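Given the coordinates of chain H, assemble chain S onto it according to the supplied hints.
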Amino acid sequence: MLSSHLPVLVIIIPLICAPLCILFRGKDQAFGIALLATWASFACACLITARVMTEGQISYELGGWPPPIGIEIRIDALNALILLIVSGIGSVVAPYSRNSLLLEYVEDRSSMFYSAFLLCLCGLMGVAVTGDAFNLFVFLEISSLSSYVLIALGFDRRALTASYQYLIMGTIGATFIVISIGLLYQATGTLNMADIAKRLPEHGYDRTVISAFAFMVIGAGLKIAIFPLHQWLPNAYTYAPSTVTAFLAATATKVSVYILLRFLFTVFGVHFSFEILPTAAPLLILAILAMFIPSIVACFQKNVKRVFAYSSVAQIGYMILGISFVSVTGLTAGILHLFNHALMKGALFLVLGCIFYRIGSCHIDRMAGIARRMPWTMAAFVGASLSLIGIPMTAGFISKWYLILAAYEKGWWYVTVLIVVSSLIAVIYVWRVIESAYFREPPDDLATVSEAPLSLLVPTWILVIGNVYFGIDTSLPVGLAELAAKSLMGVN
Amino acid sequence: MEDFFGLYNYWIVIFLAMAGLYIVIARGNLIKKLVGLNVFQASVFILYISFGKVTGGTAPILVKGVEMYSNPLPHVLILTAIVVGVATTALGLALVVRIRKEYGTIEEEDIHSQDESM
Numbered sequence: 000m001l002s003s004h005l006p007v008l009v010i011i012i013p014l015i016c017a018p019l020c021i022l023f024r025g026k027d028q029a030f031g032i033a034l035l036a037t038w039a040s041f042a043c044a045c046l047i048t049a050r051v052m053t054e055g056q057i058s059y060e061l062g063g064w065p066p067p068i069g070i071e072i073r074i075d076a077l078n079a080l081i082l083l084i085v086s087g088i089g090s091v092v093a094p095y096s097r098n099s100l101l102l103e104y105v106e107d108r109s110s111m112f113y114s115a116f117l118l119c120l121c122g123l124m125g126v127a128v129t130g131d132a133f134n135l136f137v138f139l140e141i142s143s144l145s146s147y148v149l150i151a152l153g154f155d156r157r158a159l160t161a162s163y164q165y166l167i168m169g170t171i172g173a174t175f176i177v178i179s180i181g182l183l184y185q186a187t188g189t190l191n192m193a194d195i196a197k198r199l200p201e202h203g204y205d206r207t208v209i210s211a212f213a214f215m216v217i218g219a220g221l222k223i224a225i226f227p228l229h230q231w232l233p234n235a236y237t238y239a240p241s242t243v244t245a246f247l248a249a250t251a252t253k254v255s256v257y258i259l260l261r262f263l264f265t266v267f268g269v270h271f272s273f274e275i276l277p278t279a280a281p282l283l284i285l286a287i288l289a290m291f292i293p294s295i296v297a298c299f300q301k302n303v304k305r306v307f308a309y310s311s312v313a314q315i316g317y318m319i320l321g322i323s324f325v326s327v328t329g330l331t332a333g334i335l336h337l338f339n340h341a342l343m344k345g346a347l348f349l350v351l352g353c354i355f356y357r358i359g360s361c362h363i364d365r366m367a368g369i370a371r372r373m374p375w376t377m378a379a380f381v382g383a384s385l386s387l388i389g390i391p392m393t394a395g396f397i398s399k400w401y402l403i404l405a406a407y408e409k410g411w412w413y414v415t416v417l418i419v420v421s422s423l424i425a426v427i428y429v430w431r432v433i434e435s436a437y438f439r440e441p442p443d444d445l446a447t448v449s450e451a452p453l454s455l456l457v458p459t460w461i462l463v464i465g466n467v468y469f470g471i472d473t474s475l476p477v478g479l480a481e482l483a484a485k486s487l488m489g490v491n
Numbered sequence: 000m001e002d003f004f005g006l007y008n009y010w011i012v013i014f015l016a017m018a019g020l021y022i023v024i025a026r027g028n029l030i031k032k033l034v035g036l037n038v039f040q041a042s043v044f045i046l047y048i049s050f051g052k053v054t055g056g057t058a059p060i061l062v063k064g065v066e067m068y069s070n071p072l073p074h075v076l077i078l079t080a081i082v083v084g085v086a087t088t089a090l091g092l093a094l095v096v097r098i099r100k101e102y103g104t105i106e107e108e109d110i111h112s113q114d115e116s117m
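Line by line, the protein sequences give chains H and S.
Letter by letter, the first sequence follows residues 0 to 491 in numbering that gives the first Met the number 0.
Letter by letter, the second sequence follows residues 0 to 117 in numbering that gives the first Met the number 0.
Treat the hints as calculated values from the structure; they're not laboratory data.
None of these values were measured; they are calculated from a predicted model.
Hints are supplied without guarantee of correctness; some may be wrong.
To be verified - Between beta-carbon pairs, the in silico distance windows are:
#1 Ser210/H to Val65/S: 49 to 55 Å
#2 His202/H to Gly103/S: 53 to 59 Å
#3 Tyr9/S to Gly489/H: 31 to 37 Å
#4 Gly103/S to Ala378/H: 42 to 48 Å
#5 Glu201/H to Pro59/S: 46 to 52 Å
#6 Ser116/S to Arg371/H: 31 to 37 Å
#7 Leu46/H to Tyr21/S: 46 to 52 Å
#8 Asp109/S to His202/H: 46 to 52 Å
#9 Val34/S to Trp412/H: 47 to 53 Å
#10 Lys485/H to Ala58/S: 43 to 49 Å
#11 Ser116/S to Gly359/H: 17 to 23 Å
#12 Ser210/H to Ile60/S: 30 to 36 Å
#13 Gln28/H to Ile48/S: 40 to 46 Å
Claimed, not checked - Each computed DSBU-like pair below joins lysine-lysine, with the alpha-carbon atoms no more than 35 Å apart:
#14 Lys301/H to Lys31/S
#15 Lys409/H to Lys485/H
#16 Lys31/S to Lys100/S
#17 Lys52/S to Lys63/S
#18 Lys52/S to Lys26/H
#19 Lys197/H to Lys409/H
#20 Lys197/H to Lys485/H
#21 Lys100/S to Lys301/H
#22 Lys31/S to Lys52/S
#23 Lys52/S to Lys197/H
Even glycine gets a Cβ: it sits at the ideal position worked out from N, Cα and C.
With the rest of the complex left out, here is chain H (with noise of 0.2 Å):
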């Protein structure tokens, strides 16, 4: 009974306890529902992906209104991947802001983190679920206003500008979106993506469809922070706390890759986004630029949060990549990169975060010889960046490889290199902060700095497994990568 509603309680669980949280206004109250609240929505996803591997694609008619008219929740596997990613790190990260949001956060104010953390979670998750455009649209509003909110309780002053920032990008971004869905209503007459999707051949693809997909691509393109459109990104999540940086850096932007894919593969369809239209050639470019330009901006950084954030847009290059192959393996690898960079980045920040917690800064030079003192954190560091640079054996050099298998196949040697390369600048400015933390002196201040708190360690480490695991194991994301890549192909 319970299990057919499991497709919407997994956006009603956090949406319910969001103000649940202000309610109990007490510290541990509202942590505690937070807690459960995203365990709850956790269990929900794996118990969702356990039945789409089985069973295939779920539909779920919301209020029993029969779709198109009502609105449909539709999951398969690609929804599946990203529910996953998003409620994973949901988990992870919400027993770990207990202690480290005590430096960095008012303490009277926490239940009010814990109610906009659940709307973010909710919001993103419900972009992951819904199959009705508009429905998307607010979904993708309620995750955006409420990380506003989030990476505006930064401490540092900048957090303000840099969430103002990105509200004013970001609603520029989403109000794209809405013209773009607007467009496509008034060319199909439905809103449900699928019955667009089937309904657009029909119309033909007239002025009004070519407007939607550009207003679609660049509306997306700024929620994602592809390059040129990513200045909002450094700022934000250098500023924003760092449980809050780790959250939204593995989840938010992977949710609008997934709107993306969505959008040019399933809704404008494989032959008008990339045979009618040029779409591929652009994405290549961009994709490629972003590999570089940010990765050689991340290496003149002092703040390594900053690096990390610049790292994260060249990442998103990989994405793009991938996306731009337009084939099933070419897919599949921008999908599994999705998954093993949320882990990457997820375990990146939050090793920052246990840092900040003990010598409240992240500047290069403060963390001179700190490794002696926190053993334990800078392994997880060192961990999490040979997946960032993609070693055998992490998570990172899967989703790589088959980056390098897709290039092989459309016979773009030219390619592998550059990923190769690229990989290789990661190198560097992840060894500029491996240098600085284990072979340098410690400053005498650093005397009385000791290993980060166990409640801290164990989620950092927690993503630091899953990182090898999934390097070794992957049965798991390769093979929901490329259920999704083949279905978002049309091929079976």
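Relative to the frame of chain H, chain S by itself:
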């Protein structure tokens, strides 16, 4: 020529959208930027409402003797979008209030120079 005047509300949409985006990009005052953002969003509201109109149709209320109704769905959608817009504006203004408390100014250039000099 008829096309030009017959589609006048779409010309208004395009003008408002461009004007709004221009304000967001060209103005350094944080409040003015939010105003520009609002103008931009308002243009989308008009776009949705415009294509809900069915030629010869009346307001979508059940009345005897009327067969043609305008499409009410875009109106409903835009009600939701207006709520989202109001929430965004409220949050943006709240951020500006906090920024003014911390920096003592709401001009982008002044904020930038303060951050640089830190």
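We went through each hint and held it up to the structure:
1. Ser210/H to Val65/S: 49 to 55 Å: Hint violated: Cβ distance 34 Å, outside 49 to 55 Å.
2. His202/H to Gly103/S: 53 to 59 Å: 55 Å, holds
3. Tyr9/S to Gly489/H: 31 to 37 Å: 34 Å, holds
4. Gly103/S to Ala378/H: 42 to 48 Å: 44 Å, holds
5. Glu201/H to Pro59/S: 46 to 52 Å: Hint violated: Cβ distance 26 Å, outside 46 to 52 Å.
6. Ser116/S to Arg371/H: 31 to 37 Å: 35 Å, holds
7. Leu46/H to Tyr21/S: 46 to 52 Å: 50 Å, holds
8. Asp109/S to His202/H: 46 to 52 Å: For His202/H against Asp109/S, whose Cβ atoms are near 51 Å apart, the range 46 to 52 Å holds.
9. Val34/S to Trp412/H: 47 to 53 Å: For Trp412/H against Val34/S, whose Cβ atoms are near 52 Å apart, the range 47 to 53 Å holds.
10. Lys485/H to Ala58/S: 43 to 49 Å: 48 Å, holds
11. Ser116/S to Gly359/H: 17 to 23 Å: 22 Å, holds
12. Ser210/H to Ile60/S: 30 to 36 Å: 33 Å, holds
13. Gln28/H to Ile48/S: 40 to 46 Å: Holds, at about 45 Å.
14. Lys301/H to Lys31/S: 33 Å, holds
15. Lys409/H to Lys485/H: 17 Å, holds
16. Lys31/S to Lys100/S: Roughly 18 Å between the alpha carbons, so the hint for Lys31/S and Lys100/S holds.
17. Lys52/S to Lys63/S: 20 Å, holds
18. Lys52/S to Lys26/H: 51 Å, violated
19. Lys197/H to Lys409/H: 29 Å, holds
20. Lys197/H to Lys485/H: 18 Å, holds
21. Lys100/S to Lys301/H: 28 Å, holds
22. Lys31/S to Lys52/S: Answer holds: Lys31/S to Lys52/S is near 32 Å, not above 35 Å.
23. Lys52/S to Lys197/H: Status holds; Cα separation ~24 Å.
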